[in-house]
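2 protein chains.
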Amino acid sequence: MAKALPVTEFQDLKLSNNPKQALFKQIYEALRNKVLNGYLKPGTKLPSSRALAIQLKVSRNTVIAAFDQLLAEGYLESRTGSGTFVAVELPENWLPSPTAHFSNTSAASVQLSDYATHLDRMEMRNEEGNQTFCVGVPDLKAFPHKIWNRLSQQLPASGLTSLMGNGPAEGYQPLREAISDYVSASRSVQCDAQQIIITSGAQQALDLCARILMNPGQTAAIEEPGYKGARRALSSAGANIMTCPVDNQGLILETLKKSQHPPKLIYVTPAHQYPLGAMMPLDRRMELLDWAFEQQCWIIEDDYDSEYHYQSRPVASLQGLARQQQVIYMGSFSKVLFPSLRLGYLVLPPTLVEIFTKAKQEQTGVTPLHTQAVTAAFMQEGHFNRHLRRMRLNYEEKLKTLLEACEKLSPWCTVHAQGAGMHLALEFKPGICEGTVVRNLKTKNILCSPLSSYFYGKEKLQGLVLGFANSTLKEIASGVAIIHNVLKFPDG
Amino acid sequence: MAKALPVTEFQDLKLSNNPKQALFKQIYEALRNKVLNGYLKPGTKLPSSRALAIQLKVSRNTVIAAFDQLLAEGYLESRTGSGTFVAVELPENWLPSPTAHFSNTSAASVQLSDYATHLDRMEMRNEEGNQTFCVGVPDLKAFPHKIWNRLSQQLPASGLTSLMGNGPAEGYQPLREAISDYVSASRSVQCDAQQIIITSGAQQALDLCARILMNPGQTAAIEEPGYKGARRALSSAGANIMTCPVDNQGLILETLKKSQHPPKLIYVTPAHQYPLGAMMPLDRRMELLDWAFEQQCWIIEDDYDSEYHYQSRPVASLQGLARQQQVIYMGSFSKVLFPSLRLGYLVLPPTLVEIFTKAKQEQTGVTPLHTQAVTAAFMQEGHFNRHLRRMRLNYEEKLKTLLEACEKLSPWCTVHAQGAGMHLALEFKPGICEGTVVRNLKTKNILCSPLSSYFYGKEKLQGLVLGFANSTLKEIASGVAIIHNVLKFPDG
Numbered sequence: 001m002a003k004a005l006p007v008t009e010f011q012d013l014k015l016s017n018n019p020k021q022a023l024f025k026q027i028y029e030a031l032r033n034k035v036l037n038g039y040l041k042p043g044t045k046l047p048s049s050r051a052l053a054i055q056l057k058v059s060r061n062t063v064i065a066a067f068d069q070l071l072a073e074g075y076l077e078s079r080t081g082s083g084t085f086v087a088v089e090l091p092e093n094w095l096p097s098p099t100a101h102f103s104n105t106s107a108a109s110v111q112l113s114d115y116a117t118h119l120d121r122m123e124m125r126n127e128e129g130n131q132t133f134c135v136g137v138p139d140l141k142a143f144p145h146k147i148w149n150r151l152s153q154q155l156p157a158s159g160l161t162s163l164m165g166n167g168p169a170e171g172y173q174p175l176r177e178a179i180s181d182y183v184s185a186s187r188s189v190q191c192d193a194q195q196i197i198i199t200s201g202a203q204q205a206l207d208l209c210a211r212i213l214m215n216p217g218q219t220a221a222i223e224e225p226g227y228k229g230a231r232r233a234l235s236s237a238g239a240n241i242m243t244c245p246v247d248n249q250g251l252i253l254e255t256l257k258k259s260q261h262p263p264k265l266i267y268v269t270p271a272h273q274y275p276l277g278a279m280m281p282l283d284r285r286m287e288l289l290d291w292a293f294e295q296q297c298w299i300i301e302d303d304y305d306s307e308y309h310y311q312s313r314p315v316a317s318l319q320g321l322a323r324q325q326q327v328i329y330m331g332s333f334s335k336v337l338f339p340s341l342r343l344g345y346l347v348l349p350p351t352l353v354e355i356f357t358k359a360k361q362e363q364t365g366v367t368p369l370h371t372q373a374v375t376a377a378f379m380q381e382g383h384f385n386r387h388l389r390r391m392r393l394n395y396e397e398k399l400k401t402l403l404e405a406c407e408k409l410s411p412w413c414t415v416h417a418q419g420a421g422m423h424l425a426l427e428f429k430p431g432i433c434e435g436t437v438v439r440n441l442k443t444k445n446i447l448c449s450p451l452s453s454y455f456y457g458k459e460k461l462q463g464l465v466l467g468f469a470n471s472t473l474k475e476i477a478s479g480v481a482i483i484h485n486v487l488k489f490p491d492g
Numbered sequence: 001m002a003k004a005l006p007v008t009e010f011q012d013l014k015l016s017n018n019p020k021q022a023l024f025k026q027i028y029e030a031l032r033n034k035v036l037n038g039y040l041k042p043g044t045k046l047p048s049s050r051a052l053a054i055q056l057k058v059s060r061n062t063v064i065a066a067f068d069q070l071l072a073e074g075y076l077e078s079r080t081g082s083g084t085f086v087a088v089e090l091p092e093n094w095l096p097s098p099t100a101h102f103s104n105t106s107a108a109s110v111q112l113s114d115y116a117t118h119l120d121r122m123e124m125r126n127e128e129g130n131q132t133f134c135v136g137v138p139d140l141k142a143f144p145h146k147i148w149n150r151l152s153q154q155l156p157a158s159g160l161t162s163l164m165g166n167g168p169a170e171g172y173q174p175l176r177e178a179i180s181d182y183v184s185a186s187r188s189v190q191c192d193a194q195q196i197i198i199t200s201g202a203q204q205a206l207d208l209c210a211r212i213l214m215n216p217g218q219t220a221a222i223e224e225p226g227y228k229g230a231r232r233a234l235s236s237a238g239a240n241i242m243t244c245p246v247d248n249q250g251l252i253l254e255t256l257k258k259s260q261h262p263p264k265l266i267y268v269t270p271a272h273q274y275p276l277g278a279m280m281p282l283d284r285r286m287e288l289l290d291w292a293f294e295q296q297c298w299i300i301e302d303d304y305d306s307e308y309h310y311q312s313r314p315v316a317s318l319q320g321l322a323r324q325q326q327v328i329y330m331g332s333f334s335k336v337l338f339p340s341l342r343l344g345y346l347v348l349p350p351t352l353v354e355i356f357t358k359a360k361q362e363q364t365g366v367t368p369l370h371t372q373a374v375t376a377a378f379m380q381e382g383h384f385n386r387h388l389r390r391m392r393l394n395y396e397e398k399l400k401t402l403l404e405a406c407e408k409l410s411p412w413c414t415v416h417a418q419g420a421g422m423h424l425a426l427e428f429k430p431g432i433c434e435g436t437v438v439r440n441l442k443t444k445n446i447l448c449s450p451l452s453s454y455f456y457g458k459e460k461l462q463g464l465v466l467g468f469a470n471s472t473l474k475e476i477a478s479g480v481a482i483i484h485n486v487l488k489f490p491d492g
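Protein chains in written order, with the working numbering: chain A, 1 to 492; chain B, 1 to 492.
Careful: at least some of the hints might be erroneous.
Output of the computed footprint for chain A on chain B, the stretches with three or more beta carbons under 8 Å from beta carbons of chain A [unchecked claim]:
hint: 1; segment: 69-81
hint: 2; segment: 208-215
hint: 3; segment: 226-239
hint: 4; segment: 243-257
hint: 5; segment: 269-275
hint: 6; segment: 368-377
hint: 7; segment: 443-455
Rather than coming from a laboratory, the hints here were simulated on the basis of the structure. Glycine is no exception: its CB is placed at the ideal position from the N, C-alpha and C atoms.
One chain only, chain A, in its complex shape:
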C-alpha cells in the first residue's frame, strides 16, 4: 500500500479567521494550488482527512468537504480501500504552472474585429457629470420622486411576477400605447403602437439604425456641428461620415445634393438643431423629404428635446409630414424624465418593425419590464404631461436668466438661441482660445462642453455649450459670472 505524505508537510498551510472565507474553501484552494504548482505530484497519496483535520485544527467534515470538491473537479482521485491520491492523468505540461500571475501577452496579440478597430480610433467619451452647465441633464431635483416611487410600489400588487419573467423585446405593450398616443398628439407623428420599439436609451436606437440600415463602408450624413452620440454610433458601425453644414434653418441640403454617392441614411434634428438650436422650416423639410425619397435614403429624425419650446409650441415632426415610409423617428425619456432611466424609442415604418424587433432581441433582449411599467403608469395617469408643463416653466425661467446673464459676455461671444431646449451655445469671437477658456473654467469647477467638439470636420466654431436645466438660478448667475471673469482676464 502506498505511503501517504506526512501531515507535517501541510504545516505551512495557514487558515484565516475571516468569516468571508469558509475554512473548507481555504483548504480546497491551498490543496488545489499545491497540485497545480507541482508541489503535490500526480499519484501522491494524501494524509487521511482525520490526520489532516488534527494538523489544521479544524473539524474532519471541513477537510472532507474540501476533498470532495477536489475529487468532483478531478484534482484528486479516490481508490477504494486505499485512500485519496492526486489524480494521475493530469496533463504533464500543466505542472508546474504559475497560477498566481498570468501572462499579459495573449490578449494583445490576438486580433480584434474591424468594429473594435473603428471603436479603438475614437476617443473615450467624456463622462459628462451632473454639475452646473452639464449638457443634456434635466432638473433632477424637480422630478416627482414621490409619485414615481408610489407607482413603483403599487406595481407588485398588480402582478409583479408577470413583470419579472420574460417579456417582449419590442417593448411592454401599455408603454408602447402611451408613447404612441403621446407622439401622435403632441408631435403629430403618424403611427400606431405596433410601430414603436422600446430601446435602452437613444443610444441603442441609433446603434440599431446604424447596424440595420447600412453596411460598414457605406455613407451616413450628419449635421455639422451635430450630436456626438450619433456620429459615434455611425462611425463605430463602420460608416463613412459625410458632414452637412447647418445655418439658421438647420441642415443645408447642398452638400447632399452635390454628392456623387448619396448617403444610405441621414441623421437630422429638425425641431431644434443640436447644438445650435435652429428650427427647420416647412419648405426645407419638404425639400429634404423629396430628396431623400428620390435617393432612397433613410432619414433618422432625432426629436431629442422637442418638448421644450418656450416662445411657440413645438413644431410638428418631420415623420408626420412624410408621405413615404422613409423617416425613422426617435425619442428618449432621458431629457423629459431622467437619464439613468435608459428608456428611448423608435417609431418605425411598419415594414421595418420585425427586423428591428429581431435585432433588439439578439442584442439586449427585453428592456427592464418594471421600469417600462412604471413609465407607462406615469404617462397614463397624467403625471407625464403635468411634469412637462412644470418643466417648461422651470426651464423657460432658467433660459431667461441665462440669456440675461450672458448679455455681459457680448464683447466675447455671440449667443445661438432660439428659445428652446435645455442648453445654449455661445460662439466665441475671433481671437479667443477655446482650449484656454475651457481649461481655466475647469480649475474653477465649471465643466463646459467646448463648441468645437460638436464638429467632425476641420472647420470648427469655438465656444461653449451650456446646459442649464439641472442648474439653479443662482448657479446659473454665478456660473456666468465665472465665465465672464475667465473671458475678461484670460491670464488669470
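Start from chain A and add chain B according to the hints.
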C-alpha cells in the same frame, strides 16, 4: 387688398369634445391638412381669426393659437396689415399630397444591411412564457420582494439624484465590486472589480463578444446541442458556426482539433453543459485551454446557472484555471434574481476592458443605475447569498420530485441529469415523434421546449427540455402526468 376665403368654406370642420384633443390642435391639424392636400392653395388669404372663431364656436384665442403654430411651422405667412395667407413658397410638387395614406413600397425597396439579412434568415425567437416547465425562469414567487422594495425605497434618501443622471457605461462601481467579490469567492474566478463590465443581460454580453472578438465571416465554435441565444448572437453577427458535439464530459475537442481553420472564439458551458447537463472534468478543461491558447482562440465561458449544484458544490470556473488571458467569463442575474432585471456581466482580461467599455457606451450607454444600485445593496447586505441558499434547497426538492415523477416515463425517455441547474432534458427513445408530442402537450397547456431545437446541425436528438424552477411541486407532478398520458396515448 386680397379677398379672404369666406368662413363658410370651413363649415365642414367638425371639432370633437374629446378632452384629449385640444381644440387649438384640432384646428391646427385641419388647416394643415387643407394646405397639404391642396385645398388651400399657396397665397390664399384666410378669414380673420375673429370670423373663424365665430364660425367654429370657439374662443378667438384658440384660433390664434392654431394660426401661430402654423405660422411658426411655415404653413402660413402673415403680411403686416393685410392678414394671414397660405405660404407661397411651398414646393409645388408637394401639393396636392395624400397625407392620409402613405405608400408601403419605399421600405421594402430599400436594401438593408448584411446584418439585417443574417437576422432575417433566423426564425423569430419564441417568447418563452413563465408557465409550467418554461426553461430559464427562476421561482419568481419565492423572490424576496419586500426586501428588494425596501432597498429600492431606501436609495432616494442616500442620494437618488446622483443615480438619475449620467453614469459609467462599464457599470456602477459598488456593483462591480460586489460581483468581483462574489465570483472570486464562489466561482474561483481570478479578477478584480476593474475587469467587470455590467451588461443588459447575458444577451448583450454575447453580442459584445461577437462584435468585438471576430469579424463577420470568421468562425465561431459552439456546443451541439447548445444554448440558442449564443448561436443566434454569433450567427447574427455574421459568424460561420462550427458545432462541436458533447458527451457526458461536455464539449468534445475532436472537431476543433481536426478543423483546418480554427475558430476565432469558442462558446462553452463547462460547469453545466446546456441543455444536457454534463460537467467538464479537469483534464478536458486543461486540454481545451491549451488548445485554445495555441490557436489564439478566445473562450467564452458561460456560467449561466452554476449556482445550482445540489449533490456537490459548484465546480470552479475555467477562467480561474487559465494561465493566459484567453477566457472571457460571463454571468447573469436572470436566473439567480429574475429575468426582467436585465443584468448580466462579463469578467474580461484586463487588456479588453477599454474596448468593451467603449462598445457598451456606443451601443446602449450605461445600464440603469438604480437597478444596479439595488442589486449591489442586495448583495452587500447578504440577501443575495441567503436567497441563493434558499433557492438551492427549493430547486433541489423540485428536481427530486421531477426525477421521481419521470421514472414512469422510462419506457419512452432517457433522462439527462447531473443533479444541477433549473431544467432537465428528456431524450426520446426511437420511434417517438417529438413534433407530435409537443403539439399534443400544447393543446393541454404544457409548453415544453423540444430538445431538437437546441441543435444547429442535422443530427438531432428528440425529446423535451423541462424547466422546473418556476413550477410548484404540484404543477411538476401534474405536468409529468400529462406528459405520461401524451406519450402513452399518442393519438389522444
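Ascending list of hint numbers which this structure does not respect: 4, 5 and 7
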